[in-house]
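Chains as they are written, first to last, in the UniProt record's numbering: chain A, 1 to 349; chain B, 1 to 349; chain C, 1 to 349.
Derived from the structure by calculation, the hints contain no laboratory data.
There may be inaccurate statements among the hints.
Pairs involving identical chains hold if they fit within one copy or between any two copies, as the list cannot separate such chains.
With a straight-line Cα cutoff of 27 angstroms, these simulated DSSO-like cross-link-like pairs (lysine-lysine) come out [said to hold, decoys possible]:
1. K57 x K289
2. K57 x K96
3. K309 x K225
Okay, here's what each chain looks like letter by letter:
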Amino acid sequence: MTDDTDIRLCRTFQTAPAAVPKEETAKYLLSALEAEGFQAPDWLVPDLEDGTAPNMKAEGLENTIDRVPEYEFPGEIHPRVEWAYDDETYREKGRKQIDRLVAEIGDEIDGVVVPKVGRLEDVERAAGVVAEAEREHGYADGSIDLSIIVETGRARSDLREIAKFGADSRLTAMIFGPVDYAAELGGRDLGEGMPRWDGLLEALSNEASAGGLLAIGGPFDDLFKERAGLTYYNADAYADQVEREAQVGLDGSWSLYPKQTIQANTIHMPTPEELERDVHKIERFNEAKREGTGAVTIDGQMVDEATFKNFRNTVRTVRAIHDRRPDQTDERYDDGLLGRALELELSYR
Amino acid sequence: MTDDTDIRLCRTFQTAPAAVPKEETAKYLLSALEAEGFQAPDWLVPDLEDGTAPNMKAEGLENTIDRVPEYEFPGEIHPRVEWAYDDETYREKGRKQIDRLVAEIGDEIDGVVVPKVGRLEDVERAAGVVAEAEREHGYADGSIDLSIIVETGRARSDLREIAKFGADSRLTAMIFGPVDYAAELGGRDLGEGMPRWDGLLEALSNEASAGGLLAIGGPFDDLFKERAGLTYYNADAYADQVEREAQVGLDGSWSLYPKQTIQANTIHMPTPEELERDVHKIERFNEAKREGTGAVTIDGQMVDEATFKNFRNTVRTVRAIHDRRPDQTDERYDDGLLGRALELELSYR
Amino acid sequence: MTDDTDIRLCRTFQTAPAAVPKEETAKYLLSALEAEGFQAPDWLVPDLEDGTAPNMKAEGLENTIDRVPEYEFPGEIHPRVEWAYDDETYREKGRKQIDRLVAEIGDEIDGVVVPKVGRLEDVERAAGVVAEAEREHGYADGSIDLSIIVETGRARSDLREIAKFGADSRLTAMIFGPVDYAAELGGRDLGEGMPRWDGLLEALSNEASAGGLLAIGGPFDDLFKERAGLTYYNADAYADQVEREAQVGLDGSWSLYPKQTIQANTIHMPTPEELERDVHKIERFNEAKREGTGAVTIDGQMVDEATFKNFRNTVRTVRAIHDRRPDQTDERYDDGLLGRALELELSYR
Numbered sequence: 001m002t003d004d005t006d007i008r009l010c011r012t013f014q015t016a017p018a019a020v021p022k023e024e025t026a027k028y029l030l031s032a033l034e035a036e037g038f039q040a041p042d043w044l045v046p047d048l049e050d051g052t053a054p055n056m057k058a059e060g061l062e063n064t065i066d067r068v069p070e071y072e073f074p075g076e077i078h079p080r081v082e083w084a085y086d087d088e089t090y091r092e093k094g095r096k097q098i099d100r101l102v103a104e105i106g107d108e109i110d111g112v113v114v115p116k117v118g119r120l121e122d123v124e125r126a127a128g129v130v131a132e133a134e135r136e137h138g139y140a141d142g143s144i145d146l147s148i149i150v151e152t153g154r155a156r157s158d159l160r161e162i163a164k165f166g167a168d169s170r171l172t173a174m175i176f177g178p179v180d181y182a183a184e185l186g187g188r189d190l191g192e193g194m195p196r197w198d199g200l201l202e203a204l205s206n207e208a209s210a211g212g213l214l215a216i217g218g219p220f221d222d223l224f225k226e227r228a229g230l231t232y233y234n235a236d237a238y239a240d241q242v243e244r245e246a247q248v249g250l251d252g253s254w255s256l257y258p259k260q261t262i263q264a265n266t267i268h269m270p271t272p273e274e275l276e277r278d279v280h281k282i283e284r285f286n287e288a289k290r291e292g293t294g295a296v297t298i299d300g301q302m303v304d305e306a307t308f309k310n311f312r313n314t315v316r317t318v319r320a321i322h323d324r325r326p327d328q329t330d331e332r333y334d335d336g337l338l339g340r341a342l343e344l345e346l347s348y349r
Numbered sequence: 001m002t003d004d005t006d007i008r009l010c011r012t013f014q015t016a017p018a019a020v021p022k023e024e025t026a027k028y029l030l031s032a033l034e035a036e037g038f039q040a041p042d043w044l045v046p047d048l049e050d051g052t053a054p055n056m057k058a059e060g061l062e063n064t065i066d067r068v069p070e071y072e073f074p075g076e077i078h079p080r081v082e083w084a085y086d087d088e089t090y091r092e093k094g095r096k097q098i099d100r101l102v103a104e105i106g107d108e109i110d111g112v113v114v115p116k117v118g119r120l121e122d123v124e125r126a127a128g129v130v131a132e133a134e135r136e137h138g139y140a141d142g143s144i145d146l147s148i149i150v151e152t153g154r155a156r157s158d159l160r161e162i163a164k165f166g167a168d169s170r171l172t173a174m175i176f177g178p179v180d181y182a183a184e185l186g187g188r189d190l191g192e193g194m195p196r197w198d199g200l201l202e203a204l205s206n207e208a209s210a211g212g213l214l215a216i217g218g219p220f221d222d223l224f225k226e227r228a229g230l231t232y233y234n235a236d237a238y239a240d241q242v243e244r245e246a247q248v249g250l251d252g253s254w255s256l257y258p259k260q261t262i263q264a265n266t267i268h269m270p271t272p273e274e275l276e277r278d279v280h281k282i283e284r285f286n287e288a289k290r291e292g293t294g295a296v297t298i299d300g301q302m303v304d305e306a307t308f309k310n311f312r313n314t315v316r317t318v319r320a321i322h323d324r325r326p327d328q329t330d331e332r333y334d335d336g337l338l339g340r341a342l343e344l345e346l347s348y349r
Numbered sequence: 001m002t003d004d005t006d007i008r009l010c011r012t013f014q015t016a017p018a019a020v021p022k023e024e025t026a027k028y029l030l031s032a033l034e035a036e037g038f039q040a041p042d043w044l045v046p047d048l049e050d051g052t053a054p055n056m057k058a059e060g061l062e063n064t065i066d067r068v069p070e071y072e073f074p075g076e077i078h079p080r081v082e083w084a085y086d087d088e089t090y091r092e093k094g095r096k097q098i099d100r101l102v103a104e105i106g107d108e109i110d111g112v113v114v115p116k117v118g119r120l121e122d123v124e125r126a127a128g129v130v131a132e133a134e135r136e137h138g139y140a141d142g143s144i145d146l147s148i149i150v151e152t153g154r155a156r157s158d159l160r161e162i163a164k165f166g167a168d169s170r171l172t173a174m175i176f177g178p179v180d181y182a183a184e185l186g187g188r189d190l191g192e193g194m195p196r197w198d199g200l201l202e203a204l205s206n207e208a209s210a211g212g213l214l215a216i217g218g219p220f221d222d223l224f225k226e227r228a229g230l231t232y233y234n235a236d237a238y239a240d241q242v243e244r245e246a247q248v249g250l251d252g253s254w255s256l257y258p259k260q261t262i263q264a265n266t267i268h269m270p271t272p273e274e275l276e277r278d279v280h281k282i283e284r285f286n287e288a289k290r291e292g293t294g295a296v297t298i299d300g301q302m303v304d305e306a307t308f309k310n311f312r313n314t315v316r317t318v319r320a321i322h323d324r325r326p327d328q329t330d331e332r333y334d335d336g337l338l339g340r341a342l343e344l345e346l347s348y349r
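Can you make the complete structure from the sequences, with help from the hints?
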């Protein structure tokens, strides 16, 4: 049985511009580094790419190097650098950014995020750049993770091959980038928004699972909604998207905003009802097991080893969150239920 | 033109636990072997895997070996053995079960079903185990079929490669296993059930077709429904699933229960209205053909060779069922319609 | 920046039977060649395959050779020939048709369309046939394009490999053929029509994009609808299909009929509202850029380089249409809006 504390958590992948044209250019980065409780993402991604203006990239890099070490951030740190499969200039910028980050704060970051990758060869090239930075600055091989944004037709086309490569490499997460992706394919918003790319999300979940990688959904950028004279945070639409992502087995969702982080952290965590239901089924199953039946009917549903694994996923996720963020599990579940979840016997046989 | 009687039928893939903790441990197996009419599945699958409890596996194997030869079952027999792409212990159990089955009742079974396969290499390994059992016990190469349950991220990832291998091998059917699959991907039931995995079903239908294999949907385990104080068989929800499977071109559906078998046998058989409609269109087309038009409009729809093939599928399926189960076609269609379907000229040119 | 006039346009892929059993056997071909304005397709496809009856194929070929040169057709001409991955007889017919077309009207046609291709090897074989005809009749290598109908399980299975091959070859467009496809997979119409094959369309859009090819949707053959005693053109259902195709990034749609051509030309052209919206956003963005912010919020939506590319697609499509069909852009957009779209600065940096 896998140790539940080995589960890699990334319920929330929150990007924060590394520099903005305000008096305090690190404003958004600092506010993310200071976040607590459900507002703190599992992964904080200081964004040196599309979130930071071209003329502020240099300052964004300095902000990241200066500010990240000042905080004991409860999650992981994965800066996003520049890159483009079809433009050597951007790859060279990315190479320099990765080199600087590893040189200066290699101990403070968990990995880097590389956008706009193309086919497998381009992902391998990005992995090589990270390996080179590790060697150059004395880090052990594999100590800096690589994650990629899947947002080109080529990366989608090679998804299977990329994930197979990922199984034995530093590749850690594949994150969907729907905006660049729609632009590449020529998708159109005819009034009801862009397509959801259900096929891609299903494939992302599958290939990530087959390669032992994390799969993360794309950003939702209609942050605010206007109705009847009022402008307000678009909570429903974001929650709908995150729930769809959770249903197909994505491990986490992209957040652009502290309220989105609260929602994604919450949705990618079993609900108390889900936990109660699955703890109850495992308890009933454990009883049936002692009586020797292989397939039992609980509340009208047949339960066998396969069904059992689904119930177990719920419990293991809660245990992994409890290990990293006990404040969140303590807040979300009542003591009795959490206690049962932590003590339950989880082996099928 | 292909001989319609060459069409391999598997409208229903009914698993039955090979042993259950009751006085008669073969109870469910026997009741399946005794089924008649629409309650008899095209494929009966004595289940030595998840349907039979760990401590009853040995008895399940003996039940299968003892009982299957006692009946003249009208369909095919394909026992499901144990296996796991990531666990040598289970593969060794599977190897022994296959060896015993071929040794003892090799003439009585049509093939074996291997669950939890991984990538192509694992499917080839399973095919090798069957080949070895054939050689060992004096059966001609290819006389025992292999079918697989597609229920891991790896098998889904390699689906195209597996089906290409299947085109020239003993591989016969690919069956979806949604429960293990959802557990592997971390899919979640947030109150509306698990995802339908539409992308996977479409790919399964396509790759099976490209490789000349059968494609079968997954089990539906919410057998019963409770409402207004009553618990009753959940007929609507199962029929909805089977209809969706039929629409995308799956050849059959998984059944866990005699009533499900009746429904799946029925849905994977053209309705009288469908048969009437398509026989009528072919009759009209055959007339138009005699008048020399390539594309004709019948009831507002253009008909050419491609459209024609769809109508022909309907008729050929009915002929194949009539060949194997004349009781079912005689019951379902009136004599006049069935007669027209059996005598129709089906070549386009 | 790519020159907008390099964009290959195929909003409409209109097939016309090359010969029909009427007094003027070229009736439909002539009416397509004479079409003007929104009724003229971007690609006219004289159909020697399923649209022309077997006994009129020879006459269809002569009609195409005789009539096409008589018109200054405003779009491209791509005859569809016979072919079948699994039947040498049809491939030989196709080879002869391609040879005749290139020999006689090689200067008048832009390419040929080959249906019922199988796996990559079969597409390469078709490309070889075109190359041979070019050599034989003194045309430069690559002067005659090849497009394929994706309508077999094998072609769908090899879609990625075919599009990769297409990136460096004469392959120009991949067009979906749902009727043959449904027949191959055994899809069923249970009263609500055939499945939409959403997964295939998404993959077609992606692989075409990754390979630099055009992706075109399949025909809609329920041309007419009957209700309340009246038979009328089924405009809504066709528009729904074309809109779905445009949303997922297909470049164009199949037309069987002049009214369908009007609709597909229109839908695959930005609406005035879309153009106004995206021109407006780029104008606002260009202002923000001058002020140095990387990510700006316009009307509640964050805009960065990725979002920008989507807006730019809209404008570039309009420019490409204006270059080829100024009558259509002049009719569709008011002068002020069109002028802004033509003069806008489109670089992100």
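Cross-check of the supplied hints:
Only between protomers do K57 and K289 lie at most 27 angstroms apart by alpha-carbon distance; the minimum there is 14 angstroms, versus 60 angstroms within a single protomer. Taking CA atoms no more than 27 angstroms apart as the test, K57 paired with K96 passes inside one copy only; the shortest distance there is 12 angstroms, against 60 angstroms between copies. In this assembly of identical chains, K309 and K225 lie within 27 angstroms of each other by CA distance solely across copies; the values are 23 angstroms between and 40 angstroms within a copy.
The earlier numbered hints are all upheld by this structure, with none contradicted.
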